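So the sequences go chain by chain: A and B. Every letter in the first sequence is one number past the one before it in the working numbering, and letter 31, counting from 1, is 31. Every letter in the second sequence is one number past the one before it in the working numbering, and letter 48, counting from 1, is 48.
If you're looking for bench data, these hints aren't it; they were derived computationally from the structure. Remember, predicted model here, so these are calculated numbers, not experimental data. Incorrect hints may appear among the rest.
List time: in silico DSSO-like cross-link candidates among lysine-lysine, alpha-carbon distance up to 30 Å [claimed, not checked]: (1) Lys142(B) <-> Lys48(A); (2) Lys384(A) <-> Lys81(B); (3) Lys80(A) <-> Lys26(B); (4) Lys51(A) <-> Lys132(B); (5) Lys228(A) <-> Lys325(A); (6) Lys127(B) <-> Lys48(A); (7) Lys134(B) <-> Lys151(A); (8) Lys31(B) <-> Lys80(A); (9) Lys52(A) <-> Lys146(B).
Some, not all, of what chain B presents toward chain A, calculated at C-beta under 7 Å [said to hold, decoys possible]: (10) Gly18; (11) Asn90; (12) Asn93; (13) Glu114; (14) Tyr158.
Glycine included, C-beta positions come from ideal geometry on N, C-alpha and C.
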Amino acid sequence: MGLTITEKILANASRKSEVASGDVVIADVDIVMAHDSTAPLAVEGLYKIGKKVFDPDKIVIVFDHFFPAPSVDAARLHQKVRNFVTEQKIPNFFTDGVCHQILVEKFVSPGNVIVGADSHTCTEGAVGAFSTGLGSTDIAGAMATGKCWFKIPESLEFNLSGSPEKGVYAKDVILNIIGQVGADGALYKAAEFTGDYVKNASVSSRLTLCNMAVEMGAKNGIIEADEKTRNFLGREGKIFESDKDAVYEDEYEIQVDTIGPQVACPPTVDNVKPVTSVEGEKIDQAYIGTCTNGRSEDIEIATKILKGKRIAENVRLLVIPASTKIYLDTFGKGYLQEIIKSGGIICNPGCGPCVGRHEGVLAEGETCISTQNRNFSGRMGHPKAEIYLASPATVAASALAGEIVDPRGYV
Amino acid sequence: MRAWKFGNDVNTDLITPGRYTITTDKTKLGKIAFIEHRPEFAREVKAGDIIVAGENFGCGSSREHAPVAIKAAGVSAVLAKSFARIFFRNAINIGLPLFVCEEVDRIDDGDLVEINFETGQIRDKTKDMVLKAKPLPKFIQKIVEKGGLVNFLRSEGYV
Ligand code: SF4
Numbered sequence: 001m002g003l004t005i006t007e008k009i010l011a012n013a014s015r016k017s018e019v020a021s022g023d024v025v026i027a028d029v030d031i032v033m034a035h036d037s038t039a040p041l042a043v044e045g046l047y048k049i050g051k052k053v054f055d056p057d058k059i060v061i062v063f064d065h066f067f068p069a070p071s072v073d074a075a076r077l078h079q080k081v082r083n084f085v086t087e088q089k090i091p092n093f094f095t096d097g098v099c100h101q102i103l104v105e106k107f108v109s110p111g112n113v114i115v116g117a118d119s120h121t122c123t124e125g126a127v128g129a130f131s132t133g134l135g136s137t138d139i140a141g142a143m144a145t146g147k148c149w150f151k152i153p154e155s156l157e158f159n160l161s162g163s164p165e166k167g168v169y170a171k172d173v174i175l176n177i178i179g180q181v182g183a184d185g186a187l188y189k190a191a192e193f194t195g196d197y198v199k200n201a202s203v204s205s206r207l208t209l210c211n212m213a214v215e216m217g218a219k220n221g222i223i224e225a226d227e228k229t230r231n232f233l234g235r236e237g238k239i240f241e242s243d244k245d246a247v248y249e250d251e252y253e254i255q256v257d258t259i260g261p262q263v264a265c266p267p268t269v270d271n272v273k274p275v276t277s278v279e280g281e282k283i284d285q286a287y288i289g290t291c292t293n294g295r296s297e298d299i300e301i302a303t304k305i306l307k308g309k310r311i312a313e314n315v316r317l318l319v320i321p322a323s324t325k326i327y328l329d330t331f332g333k334g335y336l337q338e339i340i341k342s343g344g345i346i347c348n349p350g351c352g353p354c355v356g357r358h359e360g361v362l363a364e365g366e367t368c369i370s371t372q373n374r375n376f377s378g379r380m381g382h383p384k385a386e387i388y389l390a391s392p393a394t395v396a397a398s399a400l401a402g403e404i405v406d407p408r409g410y411v
Numbered sequence: 001m002r003a004w005k006f007g008n009d010v011n012t013d014l015i016t017p018g019r020y021t022i023t024t025d026k027t028k029l030g031k032i033a034f035i036e037h038r039p040e041f042a043r044e045v046k047a048g049d050i051i052v053a054g055e056n057f058g059c060g061s062s063r064e065h066a067p068v069a070i071k072a073a074g075v076s077a078v079l080a081k082s083f084a085r086i087f088f089r090n091a092i093n094i095g096l097p098l099f100v101c102e103e104v105d106r107i108d109d110g111d112l113v114e115i116n117f118e119t120g121q122i123r124d125k126t127k128d129m130v131l132k133a134k135p136l137p138k139f140i141q142k143i144v145e146k147g148g149l150v151n152f153l154r155s156e157g158y159v
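Just chain A, with the same shape it has in the complex:
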């Protein structure tokens, strides 16, 4: 019987010749990540275990969720984690971007097993790795042992074909899928994206697809690595392919040319509608950034729409590159300057207001359109503020209009 990429990577990491869905394996992990929000509890867990980390080189700590510290409490947590980093001699400590972007830029190779104390660790599967989110105690266990237990998940195949029309992007595709399958449509499963659309898509777009796999409950998102992946990463790794006769629990055929711009309406990610049905909804804030859509490609799309124009008077536009590398790249290309001239604000690389802890939180009754991946009540400030999720093009066009608009008239 054939195997999927996910099964092959987990079999390889647990030194088994074959695995089947439902088996529990104990796999070696290549990277263990935690960030400023989840590391404090993981550190406490590790102290409880009473051991040193298994290999300091394989631990990655990123401050991104509330960096620089917005309060004394936050600074205290940072201090606690910094002390841990020093005492355990962990060389991989970063404050210059969102954890998933940092991992992809600096560490992940195809075929790796990656665990991160962040639910969007499924992002890194876009480069052909098994990558999944865990909580702090699991991460403490992985830091101590270099191992983690996994139940081999069933796989779902999302076969995406065709090319999207102008003004439609990977974000629209994944929102459409989540709208179809629902918030628990892939619960506990591996979501594998295949098809000519995925083959032709940039690595940046593939990252957007896998990033949101957890929004349908998936354990991991995964895409077979190829030459494009290797060029993007600058690392070889080991490329696993799904066998022709691999078993998928379900297969979805999706024609991306039939998908228009999408929005996820508050307060759940699977509340997805065509942008045309919410046009005219007034906005107070527009946010372009995050691990979902804060890469150069996204900032380029937004810049093309904003260039030479001025955002609506009543709107704050925040643009946050997902890493310093992207910051420098988009600055070098002159994008950020154009965004600033159009009225946008650029903040330091990191999560920004995505999780409502600093810079750009919303007041009661306010509405934000954002490129992030979650729109839950209270996510970005007051529980009675509303968040719409959309592509960078839809967000940029809406910032100009002061209300949600179809970006196809702007690209």
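Please arrange chain B with the ligand on chain A, whose structure you already have, making use of the hints.
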């Protein structure tokens, strides 16, 4: 024990909003459980009470603050039709008992419910009916029996 009833897809931002989780203090976390979603919960919950929910309980973020807050508030178990993956692992790891039960719709908010932690038998005393929870997978049962992941790793010789 009183049942606190919740719906489907209760996410971690509803359990412990991100803005409140810049702390690892368990007492503080216990006080913020469902702070905006159901403000009376943390005020009125009694030690031993249980949460009864629908599908996909605990979806969203990986923050362990969510099950920690529920446990610290005094909740003795969570009963749901299904749990989100990371929340499930987190709860087991910190020793918050979970039960998967298809028939939770029959329990109403405020019912008095008793759970036999050994057999997974659920007794709704208000309605005088008995429901059954699905047994957890064997591997996970072992972690539960040890009282969480840290003890499990120790007893199995991993650390
Ligand atoms: S950008 Fe948002 S979704 Fe991504 S890691 Fe940061 S807080 Fe989480």
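Results of checking the hints against the structure:
1. Lys142(B) <-> Lys48(A): 19 Å, holds
2. Lys384(A) <-> Lys81(B): Roughly 28 Å between the alpha carbons, so the hint for Lys384(A) and Lys81(B) holds.
3. Lys80(A) <-> Lys26(B): OK: Lys80(A) and Lys26(B) at ~17 Å, within 30 Å.
4. Lys51(A) <-> Lys132(B): Measuring from Cα to Cα gives roughly 40 Å; hence the hint is violated.
5. Lys228(A) <-> Lys325(A): 19 Å, holds
6. Lys127(B) <-> Lys48(A): Violated, at about 43 Å.
7. Lys134(B) <-> Lys151(A): 18 Å, holds
8. Lys31(B) <-> Lys80(A): Status holds; Cα separation ~23 Å.
9. Lys52(A) <-> Lys146(B): 22 Å, holds
10. Gly18: 4 Å, holds
11. Asn90: Given a least distance of 4 Å, the restraint on Asn90(B) holds.
12. Asn93: Holds, about 4 Å.
13. Glu114: Violated, because the Cβ-Cβ distance from Glu114(B) to chain A comes to roughly 28 Å (cut-off 7 Å).
14. Tyr158: 5 Å, holds
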